[in-house]
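Take a look at the letters that make up each chain.
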Amino acid sequence: MTDVRPAKTLLAKSCCDEHTGTVDERAPRVALAGNPNVGKSTLFNTLTGARQSVGNWPGKTVSVARGTWRASGGDVTLIDLPGTYSLLPGSPDEALTRDVLVDHGMDGRPDAVVIAVDAANLARNLYLLAQVMETGVPLVVALTMVDVARARGVRVDADRLSALVGAPVVPMVPRRGEGLDALDRAVAEALANPRPPAVPPLGDHVEPALAALAAELPAASTARFPARWLSIALITGEPVPGVPDGTAALARDLGAALVDGDDLGDPEVLVAEQRYAWVHKVIADVVTRRGDTRTTWSDRVDRVLTSRWSGAPIFLAVMWGVFVLTTKAAAPLTAALQALIDGPVAGAAGGALTAIGAGAPVRGLVVDGIIAGVGQLLGFVPLMAIMFVLLAVLEDSGYLARAAFVVDRLMRLIGLPGRAFLPLIVGFGCNVPAVAGTRILADRRHRLLTGLLVPFVTCSARLTVYVLVASVFFGDAAGTVVFAMYVLSIALVIGIGLLLRRTLFRGMAGEPLVLDLPPYRLPTLRLIGTQTWVKLRAFLRTAGGVIVATVTLVWLLSSIPVGQGTFGDTPVEHSVYGVAARTAAPAFAPAGFGDWHNSAALLTGFVAKEAVVSTTAQTYSMSESAGDGELAPALRATFDRTSGGHPLPAVLAFLVFLLAYTPCMATVAAQWAEMGGRLTLFGIGMQLTVAWLLAVAVFQLGSLFW
Amino acid sequence: MTPREATTGAAMRLSRVTGDRRHRRRLVELGFVPGADVSVIARGVNGGLILALGDARVAVDAGTAATLLVEPSHD
Ligand SMILES: Nc1nc2c(ncn2[C@@H]2O[C@H](COP(=O)(O)OP(=O)(O)OP(=O)(O)O)[C@@H](O)[C@H]2O)c(=O)[nH]1
Ligand SMILES: [Mg+2]
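Line order of the protein sequences matches chains A and B.
Numbered according to my numbering, the first sequence spans residues 1 to 706.
Numbered according to my numbering, the second sequence spans residues 1 to 75.
Everything labelled a hint here was simulated from the structure, so no lab data went into it.
For clarity, every value in this text was computed on a predicted model and none was experimentally measured.
There's no promise every hint is true.
Stated by the list, open to error - What follows is a set of in silico ranges between Cβ atoms, one per label pair, in the way DEER data are often shown:
{"hint": "1", "chain 1": "A", "residue 1": "Leu-410", "chain 2": "B", "residue 2": "Ala-11", "range": "26 to 34 Å"}
{"hint": "2", "chain 1": "B", "residue 1": "Gly-54", "chain 2": "A", "residue 2": "Ala-198", "range": "17 to 25 Å"}
{"hint": "3", "chain 1": "A", "residue 1": "Asp-75", "chain 2": "B", "residue 2": "Asp-20", "range": "27 to 35 Å"}
{"hint": "4", "chain 1": "A", "residue 1": "Arg-308", "chain 2": "B", "residue 2": "Ala-11", "range": "44 to 52 Å"}
{"hint": "5", "chain 1": "B", "residue 1": "Gly-54", "chain 2": "A", "residue 2": "Arg-526", "range": "30 to 38 Å"}
{"hint": "6", "chain 1": "B", "residue 1": "Asp-20", "chain 2": "A", "residue 2": "Arg-526", "range": "40 to 48 Å"}
{"hint": "7", "chain 1": "B", "residue 1": "Asp-20", "chain 2": "A", "residue 2": "Ala-198", "range": "28 to 36 Å"}
{"hint": "8", "chain 1": "A", "residue 1": "Thr-464", "chain 2": "B", "residue 2": "Gly-54", "range": "35 to 43 Å"}
{"hint": "9", "chain 1": "A", "residue 1": "Gly-74", "chain 2": "B", "residue 2": "Pro-72", "range": "55 to 63 Å"}
{"hint": "10", "chain 1": "B", "residue 1": "Ala-11", "chain 2": "A", "residue 2": "Ile-494", "range": "38 to 46 Å"}
{"hint": "11", "chain 1": "B", "residue 1": "Asp-20", "chain 2": "A", "residue 2": "Arg-444", "range": "33 to 41 Å"}
{"hint": "12", "chain 1": "B", "residue 1": "Glu-5", "chain 2": "A", "residue 2": "Thr-464", "range": "48 to 56 Å"}
{"hint": "13", "chain 1": "B", "residue 1": "Asp-20", "chain 2": "A", "residue 2": "Thr-583", "range": "53 to 61 Å"}
Claimed, not checked - Anything over 12 Å on all C-beta distances counts as not near chain A; from chain B, calculated:
{"hint": "14", "residue": "Glu-5"}
{"hint": "15", "residue": "Val-17"}
{"hint": "16", "residue": "His-23"}
{"hint": "17", "residue": "Glu-71"}
{"hint": "18", "residue": "Pro-72"}
What the hints assert, rightly or not - According to the in silico footprint, chain A covers these stretches of chain B (three or more CB under 8 Å from chain A):
{"hint": "19", "segment": "37–43"}
{"hint": "20", "segment": "56–70"}
Ideal Cβ positions, reconstructed from N, Cα and C, are used throughout, including at glycine.
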């Protein structure tokens, strides 16, 4: 058992989730526990009116949320715990659930537990129930998904189950709000007259050992932990804080004696088997099946979607659809929003400011700084919305879990689970939603690794620069060059992935695939709507400020004159921005493009790749619409000069740098929100290093041949 | 035999789970205990399997499938 307890701080906080509002500290606490994907969050949302993320994927809730349930018997603080298969901590989420349930020394221990039990998948759910029963906490069983069970011809006798468990059992359909009143009554009763549930017997073999140990447990430990839970934990060899070494050693010996003679013997596994023995007995007693429940239609669908022959093509088709929708469908919406901001809105604001007599600097700040920044931010909204809707649909339908199975082997090459494919694909459209999309990964380390790899996926904004530059320098071969950039991008993702997996993320891979497949479900419009809205809002909240601030800052820097000119009316070359670009330029000399025009373009590219082309034009003091006619000779002249007569390798090096370095401020903002400042900065450093090294290598090697 | 050799759809009974402790613990918790009803629902690329474990459906990779020992069940 860990002595570092995240749960303590999580539960002690007055409010853990932005959507749940503040809760009354004196209200009784009821924790919502259960297996993953059984409807806990749906139940939580219905009871508290909150919007916890719900999804047809095991492991959706990865932290604790709290909310107030206005129950008939008075307000109750409801705690939505992450789903877990067992109370043995295999992951931090499980440790959290377990500590909440067993550690009396912890603040915020619940007064009662509602355990959600999936009627359509009883065995595994009853296994967890057996463990919760061992903790002696007052229980109410919420028997969820009875609609699904009924459809499969499975009937669960709630009264019989209640008698065996020693706690009320309430059949319900959380998604449709059925059974809420009965749950309300059962919880009120459990809080008013708390009673420990029954204790699942662990068989003639284990029970005597438990009895022998129970007599030796020190009083201090049994005051902090439920006695039966403690005995079982110790006999299965689990370290528990505060238990004397002698007692722990005795327990280990008792445990070892239980499995004497079995080469694979392990008291923990033995106890688990005994619990399942109880589970199967209970099932035989409470479940009646009608008809053949062996092969469901869901199985027949699985045969097609995951088969050796059709699995991969279907997967590729779905991913292609996601790619097309996130790139193509969003484009007109984005363009329209941006045109609205750049045209009427900026015009009106400019006019209004002139009317009230604001000077040019103020107008510049508002129109070219803040409004332009908001425009860029809004430009991302359609893209993000489409991405989130697609994620929700794929996830809720249950397909995502199958897709993960199909590409598992491939992704495993870089130490990532199959689902990580999705954010990477989305990244080809835009890195920003891709970074946010890493949330579909349950494991934190997987999320971080994927988040670090996404920027190497070449997005559509970078494509505009490739096309412009390649057509100026490579003529007919431009297409090949652009294609090569895509190949390089994929190679970088794999290469950097392998590298990170061997260094920063060592020990993460190698986890075999054992994935609980959720049944196929029809995604509901309401669910998709709320999910998309919650994620979109989070994006706007966290990334919005960064994007607007950066655009404004760039405007400011390019408006402050150095030497000549006045504020807001100075050529870029003589602004702070131009001077900064000039200072940075020599760093690119080894790559063959050490010129301030280029470094200014790259500096802008840091903010947004969309702006690289316009900045390039701007630095040559010509408008973007001047077109190739004027821009091309200027570009050629620059590269001829900086590369010492090897312009083509220098251009390639420039493109490679552009591919590999930080995609844009919005991606940085999204990364900051998803993985925190430290890793984001590390990522930027890594991108710049990789980009620079590759660019130098390309130029140095290339100039030997051209 | 392991589920990899079993016929798709045939009813089987799990007799033993091998592999290291962590691995066995994880599988046992999901319900892979001796005596459990198992059958192969679908076969994916590279030997991955989708197994029916009672009412649950679990996707496993080839390596994991090889650690499960099953025998035909006759009911
Ligand atoms: N048919 C049916 N579907 C339900 C019911 N309750 C929830 N669902 C669906 O089941 C899926 C899982 O629901 P969640 O509420 O996210 O489950 P959870 O237990 O919180 O899952 P984790 O957070 O992963 O532990 C969602 O797709 C829900 O829409 C129900 O009573 N009947
Ligand atoms: Mg949940």
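Now the hints, each set against the structure:
no.	hint	result
1	Leu-410/A x Ala-11/B: 26 to 34 Å	holds (32 Å)
2	Gly-54/B x Ala-198/A: 17 to 25 Å	holds (23 Å)
3	Asp-75/A x Asp-20/B: 27 to 35 Å	violated (48 Å)
4	Arg-308/A x Ala-11/B: 44 to 52 Å	violated (23 Å)
5	Gly-54/B x Arg-526/A: 30 to 38 Å	holds (32 Å)
6	Asp-20/B x Arg-526/A: 40 to 48 Å	holds (44 Å)
7	Asp-20/B x Ala-198/A: 28 to 36 Å	holds (34 Å)
8	Thr-464/A x Gly-54/B: 35 to 43 Å	violated (54 Å)
9	Gly-74/A x Pro-72/B: 55 to 63 Å	holds (57 Å)
10	Ala-11/B x Ile-494/A: 38 to 46 Å	holds (42 Å)
11	Asp-20/B x Arg-444/A: 33 to 41 Å	violated (23 Å)
12	Glu-5/B x Thr-464/A: 48 to 56 Å	holds (54 Å)
13	Asp-20/B x Thr-583/A: 53 to 61 Å	holds (56 Å)
14	Glu-5	holds (16 Å)
15	Val-17	violated (8 Å)
16	His-23	violated (7 Å)
17	Glu-71	holds (17 Å)
18	Pro-72	holds (15 Å)
19	37–43	holds (count 4)
20	56–70	holds (count 8)
Checked against the numbered hints above, the structure violates hints 3, 4, 8, 11, 15 and 16; every other hint is satisfied.
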